[in-house]
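Colleague: In case you want the letters, here they are:
2 protein chains.
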Amino acid sequence: MPPETSPLASTLHEIAPRSGVAFTLDRGERLTVIDPEGEQVADLLAFVRGDLDEVISSGRTLDYASRIYLTTGDPIYSNRSNVLLRIVADTVGRHDFLLTPCSADTFRIIYGDTHPHRGCFGNLAAALAPYGVVPDRIPVAFNVFMNVTVDGGTGELKVEPPLSRAGDHVTFQAECDLVIGLTACSALQSNNNSFKPIRYRIDPARA
Amino acid sequence: MPPETSPLASTLHEIAPRSGVAFTLDRGERLTVIDPEGEQVADLLAFVRGDLDEVISSGRTLDYASRIYLTTGDPIYSNRSNVLLRIVADTVGRHDFLLTPCSADTFRIIYGDTHPHRGCFGNLAAALAPYGVVPDRIPVAFNVFMNVTVDGGTGELKVEPPLSRAGDHVTFQAECDLVIGLTACSALQSNNNSFKPIRYRIDPARA
Ligand SMILES: [Zn+2]
Ligand SMILES: [Zn+2]
Numbered sequence: 001m002p003p004e005t006s007p008l009a010s011t012l013h014e015i016a017p018r019s020g021v022a023f024t025l026d027r028g029e030r031l032t033v034i035d036p037e038g039e040q041v042a043d044l045l046a047f048v049r050g051d052l053d054e055v056i057s058s059g060r061t062l063d064y065a066s067r068i069y070l071t072t073g074d075p076i077y078s079n080r081s082n083v084l085l086r087i088v089a090d091t092v093g094r095h096d097f098l099l100t101p102c103s104a105d106t107f108r109i110i111y112g113d114t115h116p117h118r119g120c121f122g123n124l125a126a127a128l129a130p131y132g133v134v135p136d137r138i139p140v141a142f143n144v145f146m147n148v149t150v151d152g153g154t155g156e157l158k159v160e161p162p163l164s165r166a167g168d169h170v171t172f173q174a175e176c177d178l179v180i181g182l183t184a185c186s187a188l189q190s191n192n193n194s195f196k197p198i199r200y201r202i203d204p205a206r207a
Numbered sequence: 001m002p003p004e005t006s007p008l009a010s011t012l013h014e015i016a017p018r019s020g021v022a023f024t025l026d027r028g029e030r031l032t033v034i035d036p037e038g039e040q041v042a043d044l045l046a047f048v049r050g051d052l053d054e055v056i057s058s059g060r061t062l063d064y065a066s067r068i069y070l071t072t073g074d075p076i077y078s079n080r081s082n083v084l085l086r087i088v089a090d091t092v093g094r095h096d097f098l099l100t101p102c103s104a105d106t107f108r109i110i111y112g113d114t115h116p117h118r119g120c121f122g123n124l125a126a127a128l129a130p131y132g133v134v135p136d137r138i139p140v141a142f143n144v145f146m147n148v149t150v151d152g153g154t155g156e157l158k159v160e161p162p163l164s165r166a167g168d169h170v171t172f173q174a175e176c177d178l179v180i181g182l183t184a185c186s187a188l189q190s191n192n193n194s195f196k197p198i199r200y201r202i203d204p205a206r207a
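So the protein sequences, as listed, match chains R and F.
Residues in the first sequence are numbered consecutively from 1, following the working numbering.
Residues in the second sequence are numbered consecutively from 1, following the working numbering.
Next up, chain R with everything else stripped away, as it sits in the complex:
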């Protein structure tokens, strides 16, 4: 039978612009995050299912990698130094793990908005609430496709347009049973001034 009707064919999901979702990902399953139009960021969180106090940690991951730019082969560690996800494919190679998810605070403090959008933080909080994650437990997300450069001399951070083009994607393999939060990012600067959707696909564990 043709691949698109195979019982193993995975469904392609779409996250609307400036929104977010949460879902479970089982150990061994692979999550592919796709930028369908290009230059669109997706904030990714992963919590250990059954013990939500264990969550991805930028501080531990960057420390053990000795590198701020992660790509294929790199593990994403938890706050207990366990590997929660492993990057197994990456067509871009530039993602951010330094900056907080955009939020009403971001838009108020950085953009000066008086009626700020809830941002990725609010979208993640809302999507993850049914799984039992409270807002204070949301750490620095792995910001897929976000292009943050660092001036090694001055330490200046710049949010540049993503390097992702239409169809670019990153695949993460779950190293344990997880709850995932994922957004189509809501910050103008991070997405070259337009809000676009994000797509994702979950593929079963390989035999």
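Honestly, the hints are just simulated from the structure, not real lab data.
Take the hints with a grain of salt, since some may be wrong.
Same chains, same names: a pair is fine if it fits in one copy or spans any two.
[Claimed, not checked] With a straight-line Cα cutoff of 25 Å, these simulated SDA-like cross-link-like pairs (lysine to any residue) come out:
#, residue 1, residue 2
1, Lys158, Asp74
2, Lys196, Thr71
3, Lys196, Glu37
4, Lys158, Arg80
Since chain R is already given, all that's left is putting chain F with the ligands on it; use the hints.
Modeller: Showing chain F with the ligands alone in chain R's frame:
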């Protein structure tokens, strides 16, 4: 009377090498962290007293500063985007807010130690436990005097000897009532291969 017997003269405390302490700091009080011998890192944490779920956030602080190197005048934000501390004096200007506190995991994963020291993480967890802080709530610390450089091109992180010399210091002003955790860091690489003490002083709020 001479200054050293004034009732307002603040006591100089010493943190022994490879250890840590916790204490309260009231709104308006100033904490000065001193490197008595030079080239010694001190990991600093601050939690809001009465609501320990609010804690310093590297992701929010670096985002709002648009800079990885913080110094005099810079605020340190919480995970709820409130300013917990403000740097009001700094004789060094090079501190780290990217990497996790060193821990038994650090020493096992990076150094290959088979009987690893508990590190700043273990020292902070032990010192903060009487205040009700559990280990999973320990985020990226503000690593006073830690000298982490970033290669802007490759993203490579390097832990270099601290730029602090004997007597260098940083002063933080509390913007609300806090619980502070503070260490003399236990990682060889962060401290140019020797473990030294850290001193600190608390000065009253200015009238
Ligand atoms: Zn966002
Ligand atoms: Zn340390």
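Colleague: When the hints from earlier in the document are held up against this structure, which numbers fail?
Modeller: As far as the earlier hints go, not one is violated by this structure.
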